[in-house]
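Enquirer: Each chain is listed here by its residues.
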Amino acid sequence: MTAIKDRILSADELTRFGAEIEALRERTVATLGERDARYIRNVAKAVRYSEAFGRVLLMVGAFLPMPWLLGAWGVGTLALALAKILDNMELGHNVIHGQYDWMGDPHLNGAKFEWDIAGTSANWRKTHNYRHHTYTNIHGLDEDMGYGVLRIFPEQKWHPAALFQPFYAIIFALLFQWGVAIQDLRLGRLFKGRKRVAELMATLIPVGRKMRRQLIKDYVVFPLLAGPGWLTVFTGNLVANGLRNLWTYTVIFCGHFTTDVVTYPKSVLKTETRPQWYVRQIRGSSNLSGGFLLNVLTGNLSHQIEHHLFPDVPANRYVDMAPVVRDICKRYGIHYNTGSMAKQFGQVIWRIVRHAFPSRPAVSRRLAGASAG
Amino acid sequence: MGRLALPFIDPAVFDFWARHLNATWSWSQTLARVVERRVEAQGFVTLVLKPNRRWQGFRPGQHVNVGAEIDGRRITRSYSLSDAPRADGCIAITVKQVEDGKLSTHLCQHARVGDVLSLGDAFGDMTLPAQPTGRWVFLAAGSGITPFLSMTRALAEQGMPVDLTLVVWARNRAELCAADELRALSQRHPRFQFKAVLTREAALQPGESQGRISAETLAALLGPLADLGQTEVRACGPGGFVATARTLLAPQAHGFQAEAFTPWTATPTEPNDAPAHTVQVTLRRSGRTLTLDNQQALLPALEAQGLSLPSGCRMGICRTCVCTKHEGTAQDMHTGELDTETESALRLCVSRARTDITLDL
Numbered sequence: 013m014t015a016i017k018d019r020i021l022s023a024d025e026l027t028r029f030g031a032e033i034e035a036l037r038e039r040t041v042a043t044l045g046e047r048d049a050r051y052i053r054n055v056a057k058a059v060r061y062s063e064a065f066g067r068v069l070l071m072v073g074a075f076l077p078m079p080w081l082l083g084a085w086g087v088g089t090l091a092l093a094l095a096k097i098l099d100n101m102e103l104g105h106n107v108i109h110g111q112y113d114w115m116g117d118p119h120l121n122g123a124k125f126e127w128d129i130a131g132t133s134a135n136w137r138k139t140h141n142y143r144h145h146t147y148t149n150i151h152g153l154d155e156d157m158g159y160g161v162l163r164i165f166p167e168q169k170w171h172p173a174a175l176f177q178p179f180y181a182i183i184f185a186l187l188f189q190w191g192v193a194i195q196d197l198r199l200g201r202l203f204k205g206r207k208r209v210a211e212l213m214a215t216l217i218p219v220g221r222k223m224r225r226q227l228i229k230d231y232v233v234f235p236l237l238a239g240p241g242w243l244t245v246f247t248g249n250l251v252a253n254g255l256r257n258l259w260t261y262t263v264i265f266c267g268h269f270t271t272d273v274v275t276y277p278k279s280v281l282k283t284e285t286r287p288q289w290y291v292r293q294i295r296g297s298s299n300l301s302g303g304f305l306l307n308v309l310t311g312n313l314s315h316q317i318e319h320h321l322f323p324d325v326p327a328n329r330y331v332d333m334a335p336v337v338r339d340i341c342k343r344y345g346i347h348y349n350t351g352s353m354a355k356q357f358g359q360v361i362w363r364i365v366r367h368a369f370p371s372r373p374a375v376s377r378r379l380a381g382a383s384a385g
Numbered sequence: 107m108g109r110l111a112l113p114f115i116d117p118a119v120f121d122f123w124a125r126h127l128n129a130t131w132s133w134s135q136t137l138a139r140v141v142e143r144r145v146e147a148q149g150f151v152t153l154v155l156k157p158n159r160r161w162q163g164f165r166p167g168q169h170v171n172v173g174a175e176i177d178g179r180r181i182t183r184s185y186s187l188s189d190a191p192r193a194d195g196c197i198a199i200t201v202k203q204v205e206d207g208k209l210s211t212h213l214c215q216h217a218r219v220g221d222v223l224s225l226g227d228a229f230g231d232m233t234l235p236a237q238p239t240g241r242w243v244f245l246a247a248g249s250g251i252t253p254f255l256s257m258t259r260a261l262a263e264q265g266m267p268v269d270l271t272l273v274v275w276a277r278n279r280a281e282l283c284a285a286d287e288l289r290a291l292s293q294r295h296p297r298f299q300f301k302a303v304l305t306r307e308a309a310l311q312p313g314e315s316q317g318r319i320s321a322e323t324l325a326a327l328l329g330p331l332a333d334l335g336q337t338e339v340r341a342c343g344p345g346g347f348v349a350t351a352r353t354l355l356a357p358q359a360h361g362f363q364a365e366a367f368t369p370w371t372a373t374p375t376e377p378n379d380a381p382a383h384t385v386q387v388t389l390r391r392s393g394r395t396l397t398l399d400n401q402q403a404l405l406p407a408l409e410a411q412g413l414s415l416p417s418g419c420r421m422g423i424c425r426t427c428v429c430t431k432h433e434g435t436a437q438d439m440h441t442g443e444l445d446t447e448t449e450s451a452l453r454l455c456v457s458r459a460r461t462d463i464t465l466d467l
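For the record, the sequence lines run as chains U and R. The first sequence begins at 13 in our numbering and counts up one residue at a time. The second sequence begins at 107 in our numbering and counts up one residue at a time.
Bear in mind the hints are in silico, worked out from the structure with no lab data behind them. Hints should not be assumed to be uniformly reliable.
To be verified - The following residues of chain R were derived to be distant from chain U, with all beta-carbon distances above 10 Å:
id	residue
1	Leu127
2	Thr211
3	Asp227
4	Arg394
5	His440
Unchecked claim - Residues on chain R that point at chain U, a partial pick, calculated with CB under 7 Å:
id	residue
6	Glu307
7	Gly418
8	Cys419
9	Ile423
To be verified - Pulled from the structure, derived: some chain U residues nowhere near chain R, Cβ distances all over 12 Å:
id	residue
10	Ala56
11	Ala185
12	Thr247
13	Ser301
14	Gly358
Here the structure is a predicted model, which is why all the values come from computation and not from measurement. Glycine is no exception: its CB is placed at the ideal position from the N, C-alpha and C atoms.
Using the sequences plus the hints, can you model the full thing?
Expert: Written out as structure tokens, the structure is:
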């Protein structure tokens, strides 16, 4: 497992480190304005135009002769997938974090925004904005660590069913939006008898309504609009949703499940200070190196570290903040985990395969987890 | 129709495409287009606005929150509607440019015909009764004239059913709004008198007088104050002006109602390290006012008062507790930064109130 040892910072060093991180945040927030507003509106524009383009092309394509039909289907499906990816990641995820609340635009308000995905934004605010971002990489509190489905870390309890996880990890990837949609229902607790059925039903209603809306939109309304060409639209929508699922799964798994990320026991919370919280965010996250296109398509989760340090700073600023964060980390001896998507996702796949089998945390790893917190 | 279509319509998507056809079409927002701009007086600009169909109308004397986007941020301030309700549905605001005022500067200097502004619903209860009768006195100082422009115009349209005296304080003649129109109205309607009081004008003309508001100036303008027993008095202006009017006239008049405005300032009146004291926290939706101290974070302070509020990390990360601050100054306890902006999103868990504050709770 990881061979990386972070320097143990003295109390004084930690304070100075925290102050540098916060100074960067303040410097950035002070300059928010027109340019950031224009950026996020352009993203929203790209979502709407590519969705319209994709849906129209799928509908028109259904009535074209054969080779043209396939071409229109392919391009239309890709455009729709692109719209959904941008909507979910660069627009939805970032807006729901409240990154653009300062604009005062009711359509870009984090508490109200709703997105084109099966899960409700209300549940996302709870499972993601609150639990995942507050308790990042803490066993038993951050439910994103394997989503209750996969065994990614040796600290998670092994079960014979885990042997099949390399297979059902693929199913999970294809159906990722549905997994996220039901995450807050915590079905596992129901099966373990720790949650009552009535309690489940109360949370199920809004989730069910959103799922139904998404299903009706993509698999009933738009196919019906195409009349006899319904099958082209239906399959195009199905594949577009699937592509979005695969892509978001890949990006999100790269963010916290690479080889060198550190996980923590619940006990860190007893004494954790704000600077130590920053350290946990950095050591629990990993970046993807790439350019503008990768940043936009990943919703700037290519800057997972910066996102976890500053979840409410507009994501279009992470690219400028990253070199500063990296420099701070270097000076304080904190590992800054970044790499190409191929490298990072390769490490994720290895984790999924390796921890399908019984495994135990390495001694150095346990120590790192205990001391870094 | 809206309610039937709602399950199938995403307001954000609808608004996005509707905007391509008409800049003020919106499913969920009240928007208005500037259709006319005129300089009303020195430092005053009147904007005539054509609202979209979400606009519910107003009564003369009411105000409305007006928002415009400045450097990426929607800045909102409230302005009195200065015209009487019009047949064409247009409304007007008369804006006085305030030094360092973000929105007033924008509206006076940069707003042009065709621009789109956001509107709230009209509010305020300094309005006229359905059948006004008797004697009325309107006292206005500075931009306090705007609600009275609307009420006077509305009364004139009704044929002036009351004896009305409008007294306007301004620094000089150039800063008098709609003076020609008001003078013309007073000639057309014998029951309406218009009086201008100029505090810094060198030479006075007929119908004008001098002096700040006082028992003497009021007696000179209105006659003996003891004779106001049947008179309805309305006043609007800066806090000091309104307080004086209230002290002098409220005991004498049959009815007295006033609205004071404190010009919005970029620099808060409260020093950063102000000692502990109490502040009034108004919860607009539940109609409650609580007295809290200015040191503790709002979230635990409100919870201690028995409120059950959504919250998550309680460290300023997750924004579960974010709530709209309508007005007042709040301080970020982490950075010390002061937030004086109206209609801003406030994280209750890491903010404390530095002045009286109004929240959307």
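Enquirer: All the hints need checking, so say for each whether the structure fits it.
Expert: Right, here's what the structure says about each hint:
With a least CB separation of 14 Å from chain U, Leu127(R) remains clear of the 10 Å interface cut-off, as annotated. In this structure Thr211(R) is separated from chain U by more than 10 Å, as the shortest Cβ-Cβ distance comes to about 16 Å. The claim that Asp227(R) is not at the interface with chain U holds, since no C-beta of that chain comes within 10 Å of its own (minimum 14 Å). No Cβ of chain U comes within 10 Å of the Cβ of Arg394(R); the nearest lies about 21 Å off, and the non-interface call holds.
Taking the minimum C-beta to C-beta distance to chain U, about 8 Å, the non-interface status of His440(R) is violated against the 10 Å cut. Taken as an interface hint, Glu307(R) does not check out: its beta carbon lies about 40 Å from the nearest beta carbon of chain U, beyond 7 Å. Checking Gly418(R) against chain U: minimum C-beta separation of about 3 Å stays under 7 Å; hint holds. This hint holds: Cys419(R) has a C-beta 4 Å from the nearest C-beta of chain U, less than the 7 Å allowed.
The beta carbon of Ile423(R) is positioned within 7 Å of a beta carbon in chain U (closest approach about 6 Å), and the interface hint is therefore held. Not every C-beta of chain R lies more than 12 Å from that of Ala56(U), the closest at about 7 Å, which undercuts listing it as non-interface. Every CB of chain R lies more than 12 Å from the CB of Ala185(U), the least distance being 27 Å, so the non-interface label holds. Distance check on Thr247(U): its Cβ is at least 23 Å (rounded) from any Cβ of chain R, clearing the 12 Å threshold; non-interface status holds.
Look at Ser301(U): its CB is around 26 Å from the nearest CB on chain R, clear of 12 Å, so calling it non-interface holds up. Listed as a non-interface residue, Gly358(U) keeps its Cβ farther than 12 Å from every Cβ of chain R; the least gap is roughly 31 Å.
The structure fails hints 5, 6, 10 (numbered hints given earlier, in ascending order).
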